[in-house]
Every structure is written in C-alpha cells, then in structure tokens.
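2 protein chains.
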Amino acid sequence: MTTDAGGEPPSDPPDDDAGYRLAVVDLLGALAYGELTAFERLADDAAFAPTVGDKAALAAMAVAEYNHFALLRTRLEDMGVSPEEAMDPFMPALEAFHERTAPSDWLEGLVKAYVGDGIATDFYREVSAYLDDSTRTLVLQVLEDTGHSRFAVDRVRAAIEAEPRIAGRLALWGRRLVGEALSQAQRVAAERDALAALLVGGMAHRGADLAEVGRMFARLTDNHTKRMATLGLSA
Amino acid sequence: MTTDAGGEPPSDPPDDDAGYRLAVVDLLGALAYGELTAFERLADDAAFAPTVGDKAALAAMAVAEYNHFALLRTRLEDMGVSPEEAMDPFMPALEAFHERTAPSDWLEGLVKAYVGDGIATDFYREVSAYLDDSTRTLVLQVLEDTGHSRFAVDRVRAAIEAEPRIAGRLALWGRRLVGEALSQAQRVAAERDALAALLVGGMAHRGADLAEVGRMFARLTDNHTKRMATLGLSA
Numbered sequence: 037m038t039t040d041a042g043g044e045p046p047s048d049p050p051d052d053d054a055g056y057r058l059a060v061v062d063l064l065g066a067l068a069y070g071e072l073t074a075f076e077r078l079a080d081d082a083a084f085a086p087t088v089g090d091k092a093a094l095a096a097m098a099v100a101e102y103n104h105f106a107l108l109r110t111r112l113e114d115m116g117v118s119p120e121e122a123m124d125p126f127m128p129a130l131e132a133f134h135e136r137t138a139p140s141d142w143l144e145g146l147v148k149a150y151v152g153d154g155i156a157t158d159f160y161r162e163v164s165a166y167l168d169d170s171t172r173t174l175v176l177q178v179l180e181d182t183g184h185s186r187f188a189v190d191r192v193r194a195a196i197e198a199e200p201r202i203a204g205r206l207a208l209w210g211r212r213l214v215g216e217a218l219s220q221a222q223r224v225a226a227e228r229d230a231l232a233a234l235l236v237g238g239m240a241h242r243g244a245d246l247a248e249v250g251r252m253f254a255r256l257t258d259n260h261t262k263r264m265a266t267l268g269l270s271a
Numbered sequence: 037m038t039t040d041a042g043g044e045p046p047s048d049p050p051d052d053d054a055g056y057r058l059a060v061v062d063l064l065g066a067l068a069y070g071e072l073t074a075f076e077r078l079a080d081d082a083a084f085a086p087t088v089g090d091k092a093a094l095a096a097m098a099v100a101e102y103n104h105f106a107l108l109r110t111r112l113e114d115m116g117v118s119p120e121e122a123m124d125p126f127m128p129a130l131e132a133f134h135e136r137t138a139p140s141d142w143l144e145g146l147v148k149a150y151v152g153d154g155i156a157t158d159f160y161r162e163v164s165a166y167l168d169d170s171t172r173t174l175v176l177q178v179l180e181d182t183g184h185s186r187f188a189v190d191r192v193r194a195a196i197e198a199e200p201r202i203a204g205r206l207a208l209w210g211r212r213l214v215g216e217a218l219s220q221a222q223r224v225a226a227e228r229d230a231l232a233a234l235l236v237g238g239m240a241h242r243g244a245d246l247a248e249v250g251r252m253f254a255r256l257t258d259n260h261t262k263r264m265a266t267l268g269l270s271a
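One line per chain: the protein sequences are A and B, in this order.
Residue numbers for the first sequence follow this note's numbering, so the first one is 37 and each next one is one higher.
Residue numbers for the second sequence follow this note's numbering, so the first one is 37 and each next one is one higher.
Derived by calculation from the structure, the hints in this document are not laboratory data.
Fair warning: there could be bad hints in the mix.
Pair by pair, the computed Cβ-Cβ distance ranges are [unchecked claim]:
1. B:P86 <-> A:A232: 27 to 35 Å
2. B:R223 <-> A:R223: 30 to 38 Å
3. B:L208 <-> A:A265: 48 to 56 Å
4. B:A247 <-> A:A138: 47 to 55 Å
5. A:R136 <-> B:D169: 51 to 59 Å
6. A:A221 <-> B:A194: 32 to 40 Å
7. B:G55 <-> A:L208: 52 to 60 Å
8. A:T110 <-> B:L176: 28 to 36 Å
9. B:E199 <-> A:P128: 23 to 31 Å
10. B:A221 <-> A:A221: 43 to 51 Å
11. A:A232 <-> B:A194: 57 to 65 Å
12. B:R205 <-> A:A254: 49 to 57 Å
13. B:R223 <-> A:A138: 43 to 51 Å
14. B:R205 <-> A:E131: 23 to 31 Å
Sample of chain A residues with no beta-carbon within 10 Å of chain B, all distances over it, derived [said to hold, decoys possible]:
15. A95
16. V99
17. N103
18. E248
19. D258
A few chain B residues facing chain A, derived, Cβ under 8 Å [stated by the list, open to error]:
20. L58
21. G89
22. A95
Since the model is a prediction, treat every value here as computed from it, not as a measurement.
Each residue gets a CB set at the ideal place from its N, CA and C atoms; glycine is no exception.
So that you can see chain A by itself, here it is in the shape it has in the complex (with noise of 0.2 Å):
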C-alpha cells in the first residue's frame, strides 16, 4: 500500500505537545494490545492446524507478534506510561471484534488473520505518515510481516482449488470481518478524541482536507478488494 498523502511527514511533534502525547500513547496502546490478541489468536489458530508443521508455523508467527508486543511495552514505559493503562482503552473494542467473529475452522482463521490484519496494517501505515519519525519507525518495525500473509494465502487458495464450492462462504466471511472491524473501529474513534484528532489535526496540519480522508479510506477498501482477490475470494 501507499502513503502518498502528499508533502513531508513532521519531523518533529505537531504544535499541540500534551494532545500529540496522548494520541502516541493512545496509538502504541493500541498497536499493543492488538499485537497481544494476534499472538493469542495465532496460537488459537495453531490449534486447528491440519498438520504438525502447520501448527508450528503458526506458533512462529504468534511468537514473532509477541515480540513486536514487547518493543511496544517497551516503549510505552520508556515514556513513563503503563503499558496496562495504555491497552485497558482498547481491549473491550478488540475483544468484542474477536468474540464476534471466532473462526470455526482453520480457513477461516487464515482468513481472518490476513484480512484483518491487512486492514489494520494498512489503516496503521496511514496514520504513521502523522508521527514523529521515533514513534514512525517502531510502528513501522511493528507492522512488518511476520510471514503470515504468504502462508495464508497458500494455504486458502489450495484449499479453494480443492474444493471451489468453500469460496462462498470464505467470501461471506470476509465480508463479515470488515463490518465487524468496522463498526468496532467507530467505537474506539468515537470514544478516544485523541486518537481521532491525531488523523484529523494530523491530516489538516500537512493541509490535507476531508477529500484526502476520503481519499484514505478509497485506499483502505482498494487494497481490501486486491487482499480478496489474492485470496481467490470476491469482496
């Protein structure tokens, strides 16, 4: 995906210093806790894996996640702030999002894991082009793949030339996780205004208008059209 919402990220924090530290704080909680939930999630995944090695793929990857969690926790600490204190806000919208949509089988979680990721990947980028160019790099390093996304998209699109008949329903399961992670993600821009400021005043301070906001979310849906299609899945 791309960042090109135009100009130079700042190199420094925006004007207002104690809104920008509550918005950073308010990001890396949430990065944070999202990295603790796809570790648990990926060991939970890891459980319906068809082979032994698939098993240990998955904890692999879950593995890599709780390292990025800790360079998280370790950051938030090394700003004087409890990491706990940072996730608290952010766990009742992401647990809602897991309980709501449990995988029920193996496809399912490697579908899960690669599209809801990829939107929290790419919505997280976005922001990223707002930060200083300390909290730009760790939520970058954060971000990177931790060799999900290729094996799920091995493992979905064998299963789907196996059996044609299982793209509906993987299909109406996508569809099902981006309302989810939608109507979850209002809850959170709704109840944290620092967050919410930080993409907007973020936005309107490199002059960039609510068509640019549009022009982010066009991109979020594009790339979730093209992670579909990959997927050998309609959107």
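The hints should help you fit chain B onto chain A, whose structure is shown.
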C-alpha cells in the same frame, strides 16, 4: 527434584546404537510436541487472564516454550530426522490428555500448568540420567523453568487465601490431572518399545533393578505431593 539414582551417567550412547537412536528420537519427539502443546496451552490460558499484565506474562512464558520447541526441532533435523515424523507418534496421547483436562477457568489452567509440567519435568529429568552427554544437556536446557512455577504458585495461593472454599475443587482437579497423565503415559509406554527400553534398559545398563524403577516412581509421587502442598492443596 533429584536424580540420585546412583552411579555416573554414560558419556557415550549405550551398546545397541540403533535402539538407542530410536529411543532418543522418540524422547526428543515427545518433548518437542510437549513443548509445542505447552505453548498452545499457555496461550489459551492467557485468554482467561484477569488482567492484561497477567495476559502478557502468560504470553511471555508461551514464547519461552516455543523457543524450547525450536531447539528440539533443530536437534532432530541435525540428526537427519523429520521433526514431524518424530512428533507424530506422541500426538494422540498428548492431544487426548489436553482434551480430557481442558481447564474451565484461570486457576484450573495455572494448577494444570504447574502440576502437569512438574510431573513431566521430573520424569524427563529422571530419564536424562540415562542419556549421552549431548542429549542430556539439551533435555535439561529445554526443561528449564520458564518462570511459570513461581507465577502459578503466587496466583493460586493468593486466590485460595481470598476464597478458601475453592481449595477443595482445585485439589480434586489436581488428582484428576495426575490420573489422566498416568493413563496417557501407560499408553505411550505400551506403544513405544524403544522409549520404554531406554528407561528399563538404561537402568539395567547402570545396574538398576526393578526396585530402582519403584524408587523412581516414589520420587515422582513425592514431588507431586510437595507441589500440591506448595499450592496449598492436599494431594
């Protein structure tokens, strides 16, 4: 626990190389699959964690188990053995054990990890006395406590102090765990001749007799009783 079975451990593999090699592959395969399921189980338990700090602590322990698994897998590969094939024979017994002893809450998960891993660790340490130096060093390395024992004891004791009536239920749970573990261990011993021969043969090699086998089981039982007492539970 102690491995005071007397005499020096062998620094070279015992006489029958082919049988010994089979037994070592079995042992490493069983341990590797045990570590991989320990990873999964701890990650599962993390979902029950009452606080995000406890969740992160469990995740860190799960990662440590995965790293042990990776060490064992590398050793099996170095021996020219497929890790999957080495682990396969032990999947049914380990999966059956975990299916029959799925914890229903956070405390049952902690008791299971402490009591179950304790017995397994004691058993592998006893067996390690009959291994060549290099294999023994690896086995002892992957048996190292990942910090889970201290964590489980602290949490379980505090919970019993706060609500003494749960001790009865958890003591029953501990007894059920041991019963299931023994029944699965018997199944493995009946099916894996080389592994059973390593234990009995290794002991014979060192002049141990049936009385020594009996003493080993007595040590395992004693240590289990001590662990239950450490938790504040009757065995």
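Right, here's what the structure says about each hint:
1. B:P86 <-> A:A232: 27 to 35 Å: Holds: the Cβ-Cβ distance is about 30 Å, inside 27 to 35 Å.
2. B:R223 <-> A:R223: 30 to 38 Å: violated, 49 Å
3. B:L208 <-> A:A265: 48 to 56 Å: At roughly 54 Å between Cβ atoms, A:A265 and B:L208 fall inside 48 to 56 Å, so the hint holds.
4. B:A247 <-> A:A138: 47 to 55 Å: holds, 53 Å
5. A:R136 <-> B:D169: 51 to 59 Å: Between A:R136 and B:D169, where Cβ atoms are some 54 Å apart, the hint holds.
6. A:A221 <-> B:A194: 32 to 40 Å: holds, 37 Å
7. B:G55 <-> A:L208: 52 to 60 Å: Between B:G55 and A:L208, where Cβ atoms are some 55 Å apart, the hint holds.
8. A:T110 <-> B:L176: 28 to 36 Å: holds, 31 Å
9. B:E199 <-> A:P128: 23 to 31 Å: For A:P128 against B:E199, whose Cβ atoms are near 27 Å apart, the range 23 to 31 Å holds.
10. B:A221 <-> A:A221: 43 to 51 Å: holds, 49 Å
11. A:A232 <-> B:A194: 57 to 65 Å: Because 40 Å falls outside the window, the suggested range is violated.
12. B:R205 <-> A:A254: 49 to 57 Å: holds, 56 Å
13. B:R223 <-> A:A138: 43 to 51 Å: violated, 32 Å
14. B:R205 <-> A:E131: 23 to 31 Å: holds, 27 Å
15. A95: Nearest chain B Cβ is 5 Å from A:A95, so the label is violated.
16. V99: The claim is violated: A:V99 sits with its nearest Cβ about 5 Å from chain B, within 10 Å.
17. N103: violated, 8 Å
18. E248: Holds, since 35 Å exceeds 10 Å.
19. D258: holds, 34 Å
20. L58: violated, 19 Å
21. G89: B:G89 check passes; min Cβ-Cβ to chain A is 5 Å, inside 8 Å.
22. A95: This interface hint holds because 5 Å falls under the 8 Å limit.
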